[in-house]
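Chain order of the listed sequences is A and B. Start counting the first sequence at 65; every next residue gets the next number (this note's numbering). Start counting the second sequence at 40; every next residue gets the next number (this note's numbering).
What the hints contain is simulated information worked out from the structure, not anything from laboratory work. Everything numeric in this text was worked out from a predicted model, so none of it was measured. No residue lacks a Cβ here, since even glycine has one placed at the ideal position from N, Cα and C. Check the hints yourself; a few may be wrong.
[As the list claims (entries may be wrong)] Label-pair ranges, simulated between beta-carbon atoms:
#	chain 1	residue 1	chain 2	residue 2	range
1	B	H75	A	V339	31 to 39 Å
2	A	L266	B	E232	43 to 51 Å
3	B	D286	A	T299	30 to 38 Å
[Claimed, not checked] Sample of chain A residues at the chain B side, in silico, Cβ under 7 Å:
#	residue
4	P72
5	Y76
6	P79
7	F87
8	V95
9	L98
10	V164
11	L171
12	T177
13	A178
14	V194
15	L231
16	F286
17	A321
18	L328
19	G332
Residue strings, one per chain:
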Amino acid sequence: MQTGLQRPSAWYATPALLFFGLFALVPMVLVVYLSFTDWRGFGFPGLSGTENWTRLVQDGEALDSLGLTLLFMVLSWLVQTPIAIMIGVWAAGKQRNRAVLSTLFFLPLLLSTAAIALLWRSVLDTNFGVTQALPVLDRFNFLGDTSIVVYTVVFVVSWQYIPFHTLLYQAATRGIPASLYEAATIDGAGRFKQFFQITLPLLRYTIVTSSVLMLVGSFTTFDTILILTGGGPGTATRVAPLYMYITGFSAYELGYASAIAVLLLLLGGVLSLVVTRATGFRNMQSEQEGV
Amino acid sequence: MTQTAIHPETIKAGSTSSRPPRRRGSAGGRREKPNHLAGVLATVWLLIVAVPLYYLVAASFRTRQDYLSTNPLNPPADPTAENYGTVFEGGFPTYLVNTAVVTVATVAIVVGLCVPAAYAIARNTGRLVQRGFSIMLIGLAIPAQATIIPVYLLITQMRLYDTLLAIILPTAAYAMPVALLVMTNSLRDIPKELYEAQTLDGAGPFAVLRSLVLPLAKPAITTISVFTALNAWNGFLFPLVLTQSKDTRVLTLGLWDFQGQFGTNVPGLLAAVTLSVVPIFLLYLFGRRYLLGGLTAGFGK
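Excised from the complex, chain B in its bound form (with noise of 0.2 Å):
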């Protein structure tokens, strides 16, 4: 559980041998005889996933004229950078704004209070903090959807509705099971010896949560930073009920806007799906591992 980084990349490295591919069975165990019929799966799988995402970039550099002209599947007539500029010109940097602030907030808040939280449960063994553990893990099971409506309440009463606090809030509470389980079997992890070796120096728990803790939790920090980013990235219920204004719309909720502000220009509209999804795409460039750990969190064994 606790090695939610590893990932494929990380065991490939580490399996990599001189020996020929012959890890797996229906792989390359017999290069003489190749596997035609998953390499026809393969392929087909590969259209479906890869036409709608070259269609989405191709139709987001058309000129509306050629977007209501030309087959959809045909490489940009005339392309232009047009789309992108009224894109800009629409709201989109505001809502850039807005969802990069909501992420850096939820997860300093996720990080904040979970990391303290794990070492506590990882070292008290009391039994309020393991009753407390245990009730947050219910929360794996509840769907946000089910308490929307409450929660929709406690926002208004607390004066914060329309607020881009009002996505923060929620959003990290229901990213903090997930975080917590992974932070805390990460601690757990840790040897007692060094948790002992550093108390008999005369060192108090917040001198061992900051010299011996933080730096070899690391690992399980950037999963649940890049985990809860993603969440409050992609988020889109708790934005949609509990904002409403323009100030402080996100990008998820502005994507469905754009589609009715844009009508038929579905160029433009596309140009934003394009333009959202680019900062995830570098992540997923330059720092693919701790993506694929943050996106399987909890789960990626």
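Next up, chain A with everything else stripped away, as it sits in the complex (with noise of 0.2 Å):
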């Protein structure tokens, strides 16, 4: 460390980034080596040709995992997104009652993945969990029934992320000046005219943030369905990282899950780059200080 210098020296942030790179860019490097070997998770693995390359093209279960992602996705966004910024909107008023309740409605966020699908594992138990105390919802099997455990998966990941997006939601609406909503109401403009011109209009970066998070994230949700449903009955939630993990971790075909991951990792750099380059994600961020 020279410590006569006027400014820090690189050495200051040689350790984090060596440290970063060894455990996040090596690897992003080697799993690209790894999907051309067929290693099975003893030593340290040789290259082995394309084998892993040519089966994935035509593995048709990797398809299917992959469309499911992209339906989870979808559904994911379309569920969380409106209850987000409507019970976000909502928790920004000043009413005590509303204080207090939203207090619960952040509840949810202090759960670890576990815990929350292990709990939802038997409030959805069809022997003793609460739907069956439950009019109507008795009739279900939410977890065992191939053609409603994808909407019980996105329930419950729903359920577990629309706190942490109202937060969000309710911060930024907190922060539209009450000058805007007190000319509104001289115009005569109604609660919904002001929730639609207003509110939603001045709400769109937090939208666009909300909405890039959630799309990544549940393009890599892996350890709520792992517990929840393991990826079943049979495949109907194996979605693509669960996938590369039962394939790497539980059939020990690390080399060809290592091919699927180099797939993710693709796919995820691309869905990132779409979305922050088609919504100005990066330009947001500056021009929300003035807001």
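Bring the two chains, given one by one in their own frames, into a single complex with the hints.
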């Protein structure tokens, strides 16, 4: 460390960069290498050719898992966004009952993914679960019926993440100047008009932030589904990250799983790029400062 | 971006005026016409959130007999703390200690490496440092799931498999991009003049770090600590893949394991789930602003 210099030298940043490089950047390169091996989990793998990739191209199950991931992303977004906006805007109000209720609304934030998935497993249990004690709901086998289990997973993941997005919307709504609403009220604009013409347009940057996080998050969701359904029944909820995990760490085909991982990495990169470009996510950050 | 610690409560405190609640449009603008639709929707959502949580706590105090025979929404007929005893005998204390060690160590690494790095990034305009920063921001877009296999290879090659360090190192690495971003933005907000004044007084970079940066960056350090701690506390993927034995098991994995171990003893499982939430719940009660700030680190504008 050269203490004589006026400004901190690059050495101050080096340990962080090396550490991050070793555990995050090196693996990014390594996973590509591994996708060309037939590693089964022992020793250091040697190259074995392109068979993983030819297999991946013909793998119908991989394609299905990607399709399911896409469906899961779209459904999660469609469910979470309107609810999070509504609750966020509602919770931004000053009434005391809203303050108390929003404290309750945020409670799911305190539970880990494992805790949430285990909780919902027992809530939805067909013998002793809560749903069995309720009318209508007791007719469904939420985790065992292949035609509804996807929606169950979307619901549980939404239950987990809506509070987080609500938090973003609540903070953003509170940042909207009261004078706008006062002016609108004088102009005779009703509650709904105010919501659609003032609140919603001014939340657009938050909608973008929240959507980016939601899409990227649901693209990689894996632990909730692993605990909740294990990908089942059958392959009904086996999304792409879970397919990769099962291939790698249950079947121990780590080489092939790496090929799937590379695909996920590429798709994830493209997704982030497209969403951030299309929405001006980066510019938004600075524009938001002014609001 | 920098005021990630800004969250509902601060804003609320700052904007409380003598006027009746009028700040929000759809909120209490006109008292004579309450928003029934919003009220109904909020109640529905309240039920969706509260019923499972009520069930969780209620069931954790049930006897097994009670659990199997009564309506799950009734209060426990014969409340018992027995399930909590079972959980404590079932390895829970080990899991708790392991999780605490992982959390503290991860936070120490992230704060220890990111504060000096952010200081360099904020003050050193050299290409090397700035390039390095851009590279680390790529990390914001790397899903940990996609690199878990090579991380597993690295950890086994380093002979760290099935140790707590195996969880700590990658967890810290993946928390770094957000932590560094938050930290850097906060240090960039310190006026140049303050740095310059210190330097004119003959202080070297390390002295400036200690006497200027650390005190002024306290809120940001709190934010990244909470953010990192939550990640470590709730982490599932790294422990799942990188550890195996009971001695290195953390809470999240322990819960999953309880499910197999307890079989039909659902009250026992739910007692374990309830216990795992207690530390974060205490943080929510006594340091809500820090918790919410950490949760939305980097995004909570």
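Right, here's what the structure says about each hint:
Judged by the Cβ atoms, the range 31 to 39 Å given for H75(B) and V339(A) holds: they are separated by roughly 37 Å. For the pair L266(A) and E232(B), the supplied restraint of 43 to 51 Å is violated, since their beta-carbon distance comes to about 35 Å. Hint check: D286(B) to T299(A), Cβ distance near 35 Å, so the stated range 30 to 38 Å holds. Contact between P72(A) and chain B, as hinted, is supported at the beta carbon level, the nearest pair being about 4 Å apart and thus within 7 Å.
Checking Y76(A) against chain B by beta carbon gives a least distance of about 4 Å; that is within 7 Å, so the hint holds. A least Cβ separation of about 5 Å between P79(A) and chain B falls short of the 7 Å threshold, and the interface hint therefore holds. Contact between F87(A) and chain B, as hinted, is supported at the beta carbon level, the nearest pair being about 3 Å apart and thus within 7 Å. For V95(A), the interface hint holds, since its Cβ comes within 7 Å of a Cβ in chain B; the closest pair sits about 5 Å apart.
The criterion of a C-beta within 7 Å of any C-beta in chain B is met by L98(A), whose closest approach is roughly 6 Å, and the hint holds. For V164(A), the interface hint is violated, the least distance from its beta-carbon to any beta-carbon of chain B being 10 Å, above 7 Å. Using the Cβ-Cβ criterion of 7 Å, the hint placing L171(A) at the interface with chain B is satisfied: the shortest such distance is roughly 6 Å. Hint status for T177(A) relative to chain B: holds, with the closest Cβ pair at about 6 Å, below 7 Å.
The interface hint given for A178(A) holds, since its Cβ lies 4 Å from the closest Cβ of chain B, which is under the 7 Å cut-off. Among the interface hints, the one on V194(A) holds; its C-beta lies about 5 Å from the nearest C-beta in chain B, closer than the 7 Å criterion. Interface restraint check for L231(A): the shortest CB-CB distance to chain B comes to about 6 Å, inside 7 Å, so the restraint holds. The beta carbon of F286(A) is positioned within 7 Å of a beta carbon in chain B (closest approach about 6 Å), and the interface hint is therefore held.
For A321(A), the interface hint holds, since its Cβ comes within 7 Å of a Cβ in chain B; the closest pair sits about 6 Å apart. Interface restraint check: L328(A) against chain B, minimum CB-CB distance 4 Å, threshold 7 Å, status holds. Taking 7 Å as the C-beta cut-off, the interface hint given for G332(A) holds, the closest approach to chain B being about 5 Å.
This entry does not satisfy hints 2 and 10, going by the numbered hints stated previously.
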